[in-house]
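We have chain W; now place chain F onto it with these hints.
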Amino acid sequence: MKSIDNKFSRRDLLKALAYTGVLSALQTETLLAQTTAAPVRVLLVALQHGWGISGGSNRFMTGTEVDFSFPDGLDPFNAIKQHCVVIDGLLTLGLWGNNHDLSYADIFTAGVPQGQESSSFDGHMPLSSSPSLDYLLQQQSGLATLRFSAGYRSWGVQHHPLCFDHNSGILPFYTKAYDAYNSVFANLDNSATNTAPSNQSDSELISRLFNFIRSPTQTHITQLTATEKAKLERYLSAATEVEIKKRPIQGYSGMEQIGQIPTRQQSSLEDLPNYLEMIKVGFANNLTTSAVLGIGDLHGIDKFHEDHAHGNTDIWWNTRRDFAQHITQFAQELSTIMDYDGNTLLDNTVIVLTGEVGDGGHNIINKGHIVIGGGGGKIQSGRYLKQNLVQGATNIQSLMREDINGTLQKQIGFGNQHTQQAGSRTNADLLREIGNIAGLNLSQFGLPSQNKGGVL
Amino acid sequence: MSAFYQTLLIGMMLLTVSACGKVKLPPDDEAPASSTAPTQSSDSSIPPSNVISASTSSSSPSSSRPPTNSSSDFTQIPSSTSSLNSSEAVASSNASFSSSLADIGSTSSTNTSAAMSSASSTSPSSRSSAMQSSSTGTFNGDATAGKQEFAARCNFCHVDQMSGEFKAGVFAFNTAEFTYPSMSKYQGYQAEKVEQLADFIDHNMPSASSCNDACARDIAAYLWRYRDAASNPIALDSLSFNEQGLNIELFCLDPSDNLSLRIIDRSTSSTVIDDFTPVISRSNGVSVTQMNSIVTDIQNNHFTLSGSGDDIWLDQIFFNGLRKTLSNTQLDLSLTINHVENNQHDFSKIGLLVSSSNDLSGELLLIHWAGKNGLAEDSGLAELIEYSQLLGNPDDQLTPVPATVRVAYRDNHLLVGGCYDCTTPTLQPAAFADFVPQSVFIIASAHHTQDIIAALTITDAFSNTPQYQVLTETTASCNAISHTVNIDATTLANVDQLTVELYQGNRLLDQATAQREYSGDKSCASQNDLLAPKLRRLSELQIKNSLQDIFGNIFDDGVWPKMEDGAKLIGMNTQADKLNINSLNFERMYDASRSLVGTLLDRHQELQACIEMAGSSCVNDLINTYGERLWRRPLSALELAELESSFASFNSRREILEYAFNALILSSNFLFRSELGSSNGVVLQLNNYEIISLLSFSIWNSTPDQILLDLAAQPSPLTTAQITAQAERLLDNNKATAALMEIYKDFLKLELVLTREKAADYQFNQNVRETLLMSAEKMLADNIQAQANYMDVFAGNQYYVNDAIASFFNVNSSDSILRSNTFDTSQRNGILNHPAFLSVHSTLSQSGIVKRGVFTLEQLLCQDLPDPPGDVMPLPTPENIDPDQTSERDLLQITHSTQPSCVGCHQFIDPAGFGFENFDAVGRYRTIEKNNVPIDASGILAGVGSQTLSYQNSAEYSRELVNSPQMQQCVSRRFLEHYLSQELPADSCEFKKYQAQIQTLGQPVQNLVRALIKLESFSQRQLLQ
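Chains as they are written, first to last, in my numbering: chain W, 1 to 456; chain F, 1 to 1025.
Chain W on its own, in the form it takes in the complex (with noise of 0.2 Å):
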């Protein structure tokens, strides 16, 4: 990991302002007493069907290192690739059940353990083990992730976990844009629908109220089982962000506001934007350094999986530029915001992009990550790494994943291990390491065998 200094400071850049005649100097005495450290801001955006860079994919990134080009459908990141890390690729879970149900829990958590197939969740479904990154962030910071599912499922289940805390607990997605902004910014002051309680009896109100509730849950906790518990724990946490949430009152404190209201009605897809939306508003005022993104294929195609994610036909490829504008004006719009340090609120964000599976296929043992953005200048952005293969036939023992009960079983268990090549970092690596430079302190991430080494 290197760290990057060559940007302008926030003083140099509001002093440069002044001399051009931009601000006044009172203006810029101001906003130079207001400079302060800004958080890095986290992005973690899941992509069902992945992005399609990497392994049996059949459009490839071209270049070097340095001076490199995305393929033909993810070709609007070129337009930002100064801006990006492209990894190729990163072992994830291995090979060893159907990748797409097993990998759900794992991309963010790097914690599903080997060969477990099913949970209490659902019977094709593994959970996972260890922590998102996401909750890891929200817990560092206080500020509750945003996170948002535009169609993030598929037929048989409605919703996919993605995110865990650190009891295995699935923490919950906004599913419609409607609903996120109702609950996340309808009530802050300055919103434009702002209904939130400020009278001094609700606040009493909604103070009695959590700590009543309080009580006889925590009697009730001491007499269940572990699992039953587990519940009860839950519904406290629940409770407590809530509370916080209630209380009067939470506003804006940045320039950012919500433009676009979604409707109740409205779809998936158009329901994209307007999450994008609410997570810059999020990171620019400082409500979250956290968000989760899960888009589902959304162009109502029909067989889309069965004849165009796995064909990596043009259909598919043209669903993957829609998203890759998506995240490119995204990634635009964050470059022109200020953020509290004087850099822009992109230099201060990690965008991870990432899906289930790889390449549209199912290749989830070299699996293809974008990372987005300056990480508070700890990311040396604009390179496309390459990561060593190792071959499965020799290096099978360092292929191994600790399975539920902690033994370490071989990652390869499908196909041709002679043949298979593998990532030699995991998104675990990458993952400890975007934890870090948003100020976690992880010695490591998710499953221990998954920890070997840097990426960035």
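Please note that the accuracy of each hint is not assured.
The list that follows gives simulated cross-link-like pairs (lysine to aspartate or glutamate, DMTMM-like), each with its CA atoms no further than 25 Å apart [said to hold, decoys possible]:
(1) F/K758 <-> W/D67
(2) W/K303 <-> F/E757
(3) F/K749 <-> F/E540
(4) F/K1014 <-> F/D705
(5) F/K562 <-> F/D521
(6) F/K147 <-> F/E165
(7) W/K410 <-> F/D451
(8) W/K229 <-> F/D451
(9) F/K851 <-> W/D302
(10) F/K568 <-> F/E757
If you want a taste of the chain F side facing chain W, the calculated C-beta under 7 Å gives, among others [unchecked claim]:
(11) T277
(12) A567
(13) N582
(14) F586
(15) S646
(16) A663
(17) S946
Because the hints were derived from the structure by calculation, they are not lab data.
Every residue, glycine too, gets a C-beta built ideally from N, C-alpha and C.
Structure of chain F alone, referenced to chain W:
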């Protein structure tokens, strides 16, 4: 082989029948090639090699199988062409003799193959062929019954000499080989297996018309005993193990005494490695670690040790290993190094380290495999300083494996040995060490920073056989050909599987394993199969129903909380472990509660009256009354005091009530149903309030009313009569119909019609969606109210239609009111042909054969499908296929289902979906697609329980499904899962009892509830520590 794959196998066979008109059985790998009699062990003290009998699942009589031409286990010896004889010629006149024999052979081979994978390795040899089905994986024939059958049916021709000989002229036969030496017709044929004999009897004996299936198997079991008697005249004949105890049938050809039976619990076995403790030795000493952190793949005395430690010489003795303290000086251990991976250092060491102390501070001796340096010993006092090579490395590569090192203490001396590719090295005195051993370590040291992996086998000359717990021993004598021994259950503890060993003196004659099978009368509590107590969050609808029932229907639409519960297609969405209060759900409850309480304060008469009343205790009264209704139990004095302690903080009675009612509604005591109960030392007995809640939510999908709450207040436990009476009262209410309808809706996932995306062409707008759902609800409600059989609720040809949805039924209507219309049952049949159902289970613009097929198998028929294979790409459509002129059914087969990795499942998924092909993506009836491509909605779906469904069109398919026992069983299982809020395996005790109750009560839909209240789980839970 899992049940699913067994079903697959059977299904594949049946599909082949449909395609070819004849069954093709799998190749017969088990068929012997010679005509000689089967080899039998000459040493009867060793159980003869397994000729394991058929498992129950595959022991169906050959009469149910079509004939086959596959190879035979009966080996034909050239015979004369003498004419058939009298009565047996008549018996065989309907089928050619050769085909009968071929049939026998193929059937038995299949059975044997299945049995080989399922039978216990400890089953008695061919003797177990006569075991009853209660014994694990045995041929299903009762020898005792067979003896009686034989006497009644066969003895006239084949006189039973009670010695294994059956004599009567040409009808005489020899049980040693099962040949007909004197009957030309059968000359040269032998039965190799008991199953073949049963089939032979079934097909060829004159009594075949009246003695088939079980009768033939019983007789075969009886005759087969004599065959084994030649080598083993005393044996275990059958085991029956249930809650009453163990029943052992002994077979004794000759009177015998001095017999003993040893009943063993093999689940408590211990092996050599069990005596060792995992440790890590580093510079700070020897510390205990987790077994699974260094040892894996433990199978008896074979295991894999992950070794590390960057040095092992002098006093830096760093390794991962296993330690055992010796209780005496008995030491004779051999360690075989089978395989080593990741060896990075020439001096890595794997071996046995003996110490004169309990740690490494005493005298040491390490005998080991040494990287590239052969086999050697190191020794010294608290260090390894002396070195002596035991065996050199034959080349400069890695020291060969397998290699065995051995250390022993004999005659007060330490001895060592080592050899390559051997099992027992010769011992010799250790080169430099000689001390009394106190502890021994199995060690692996990488002598390097990276781990090595060693696959090892440990052998202890003093204790190398697994030790099992002997539950009881008893003596027996056997003076008749059959003798029964009963072992009372009290001596068998809670063991579910045990092994019986039969001894004469010290000689082991026979052994067999039995699995406990509980009778239907045995309680789930005593089977340790009660459900665990759970917290059950109210569902969205239960929250709404409860609040409406408690306060009246005074609330606005749209105020109810919409929970993010991640609805699923398979299973029921009321599973206790899936419904949570997370931050989103809490927030929605909070918002809803604030709004609902606002409405209460504005509209509820009692609350309004209290607000306006001066100087009254009405607040406390309201909290007492509604607190009990909301929490489904009275609030404790402490809870009331805590609630009331905040009242002073508010300025008005309205504010107090607003606070109090929000607090009650948002409390976990409202949102979760608890099962705290009380322990009686054996089970957790639910309390009265918990029972009435279960009753009320089961029947009304809502909270208990005041009558139930008052009843629950009685100090004594509710009686069965009280519960039954209340159940009937609740059932006699429209809320019961609505609740049942909701379960059907959840089972069919009809609610998803409101959100399932559809192509714009269909004009599937919100009004259409809501009207279709309403139409389906009315159809279900009509059937439920008619007290129909619970499967008949899926049937019927009366559909509710109005102008908004007429086109989806292919009819015209200008009526805006939903009215019942009668449809042609050859086109639409029941709720499975309702557009609401069909729209949910389809894709954006296509019928979705796979989606419908998977849903049918997994949800309607409760069949578990394995996950799709890892990497499947669709095949390109062949150039000679025009997709626009080819049915979706054919395209699916061409581009996907026929792929080798797909066909295993798709041969079931596809025909389970073809049966809906008469309906498009929004449920419109059709006979063509793509303008002119004919629809083929026919199919054959095998593996539906024991059935194969054959249908010509969608209406017929739906009828077949609904009439299938498999779906009937599945529906009842899903209902029980809903009532008990958890998934239940098909073999769970509660489900089996539930089914038995339904069978007893009959199938009217309301009996699904009546059966529930008779279960133990209605009032008891597992007592967890």
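Each hint, compared with the structure:
1. F/K758 <-> W/D67: violated (44 Å)
2. W/K303 <-> F/E757: holds (13 Å)
3. F/K749 <-> F/E540: Given pair F/K749, F/E540 holds - Cα atoms ~15 Å apart, limit 25 Å.
4. F/K1014 <-> F/D705: holds (21 Å)
5. F/K562 <-> F/D521: violated (44 Å)
6. F/K147 <-> F/E165: Roughly 14 Å separates the two Cα atoms, so the pair holds.
7. W/K410 <-> F/D451: holds (15 Å)
8. W/K229 <-> F/D451: violated (40 Å)
9. F/K851 <-> W/D302: Satisfied, since the Cα-Cα distance of roughly 12 Å is no more than 25 Å.
10. F/K568 <-> F/E757: holds (16 Å)
11. T277: Cβ of F/T277 sits 18 Å from chain W, so the hint is violated.
12. A567: holds (5 Å)
13. N582: For F/N582, the interface hint holds, since the closest Cβ of chain W sits about 4 Å away, which is under 7 Å.
14. F586: Since the shortest Cβ distance to chain W is 4 Å, the answer is holds.
15. S646: At 4 Å from the nearest chain W Cβ, F/S646 passes the 7 Å test, so the hint holds.
16. A663: holds (5 Å)
17. S946: Violated - the Cβ of F/S946 stays beyond 7 Å from chain W, reaching only about 24 Å at its closest.
Checked against the numbered hints above, the structure breaks hints 1, 5, 8, 11, 17 and satisfies the rest.
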